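**Student:** This is what each chain is made of:
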Amino acid sequence: MTVRREIAERLADEELMPLIGDKDPEAFEVFYDRHGGVAYSLAYRILGERSAAEDCTQEAFISIWRSGARFDRTRGSVRSWTLSIVRNRAIDALRSKAGKAPKLTFDDDAILESQPSAELTETEAMRHETATEVRGAIEQLPGDQSKVIELAYFGGFSQSEIAGMLNVPLGTVKGRMRLGLEKIRGQLAEGLA
Amino acid sequence: MSDHDDFYEDIPAYMLGALDPDEARALELHAESCERCRHELRWLTPAVRALPDTVDRETPSPQLRARLMAEVRADVAEAADREPAAARESGGFGEWLRRLNLGGLTWKPLTGLAAIILIVAAFAGYEVGNSGGGSSTPNLQASVTKSREPSGLVAAVVRHGDRAEGTRARGLGPARRKDRTGARPLRPRFQRQRDDSDRRPPRGRKSDGHPRAGGRHQGADLDADRQRSPGNLAGENQVWVGRREADEGSALKCVTRRRPTEDTPRRRFAGGY
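Note that the protein sequences, when read in sequence, are chains E and C.
Under our numbering, think of the first position of the first sequence as 1, with each following residue one higher.
Under our numbering, think of the first position of the second sequence as 1001, with each following residue one higher.
Think of the hints as simulated: they come from the structure by calculation, not from any bench.
Keep in mind that the hints are not guaranteed to be accurate.
What the hints assert, rightly or not - Sample of chain C residues facing chain E (criterion: CB under 8 Å; computed from the structure):
no.: 1; residue: Glu-1032
no.: 2; residue: Arg-1036
no.: 3; residue: Asp-1056
no.: 4; residue: Thr-1059
The structure displayed is predicted, hence computed values, not measured ones.
Using N, Cα and C, we set each Cβ at its ideal position, and we do this for glycine too.
Throw the hints in and build the complete structure from the sequences for me.
**Tutor:** Below, the structure written as structure tokens:
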């Protein structure tokens, strides 16, 4: 039995997951419409190619569909869970490309530009606000701190590899990562206060 | 530096996915028993989860959505096709037999054995039924069957000939109400029929030929009427009408008697209780 799309649209992500687990295509369609855009954007940011990003996004969503949407709400939101799946697949795809280096701009401005959406739901507006805060926090980071975060999260490099790439001690990379994340976290906490 | 300090330093790299798998597993194991590390993980989680929001928003092509949903709907259709097939495979007597654990035996020899048992049982029953000729009480050699039909008048059509099949008809008293089957109930005032075969040929009025006609003689002291079936002037079919008394709704016994001195069996139905 499938729910009608207009009903599925009114459900929260956590309520959609059991329906997707029951193989409801309408629920899955709503789920994709909510998170497909940011998932594709993340995949494109990591892979740097549209076709590869689409393939990665499709594989990630199909894996969610076929795995029965094994979502554990104790480990975060549906959105973060979905994006972690997309990121892992994109990093795997990046590493499997033999002889092809990951696309890394090393240009902080690339992730600091904000593109306002035409129409935002309340949830999206909050998300947009959070994204703006994070962008602002990263904008204020020293370049060496934002760089190690980007290399790790979007490039899929290990801290040892980053240390080798930047020719700095491993402890320095660890310290920069911690300082960068602490600042972002602090900025988010201020925004929520 | 202690192990804890090492793990604690690695937490940002762990959250950014920058640890080797072995290092990540070791940190997870440590965090299970380290509240300080768990607290640090919880604290930094929002910062890492916000990182995807910092990327430029790109719009995927409509073809991606179309391909994805086509694959999803194909999965649904395939599952729908599999369900009836699975139901067919899981159901049915044949499947039940196949699932029986017979210690390596198959069910086909068992069906043959069951057929042999049935044949032997039928033959034995036939022999037992015919062995009444040597009995001192031949008239009581009978099979008794309980019935839940209400008391009243019953009749049997006995065909004298190559086949001895009885057709049973119920005599009816005046109708008071109909039972579930639509048949009118019998009145309970009939006299009990005696199991005395010497009373034959039975006394009493002859009915008008219809088995039900006997039922109108309520309270009569005659307990059986023998009459010819109107449709068989040659006398090959006979209608035996017996009465019984019993409480309404009580069970009846159907007694089939066999007279060894006659070449064909007669059947009659006698009231039980």
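**Student:** All hints are to be evaluated individually against the structure, with a verdict given for each.
**Tutor:** Structure-based check of all given hints:
| no. | hint | verdict |
| --- | --- | --- |
| 1 | Glu-1032 | violated (14 Å) |
| 2 | Arg-1036 | violated (14 Å) |
| 3 | Asp-1056 | holds (6 Å) |
| 4 | Thr-1059 | holds (7 Å) |
The structure fails to meet hints 1, 2 from the earlier list, while all remaining hints are met.
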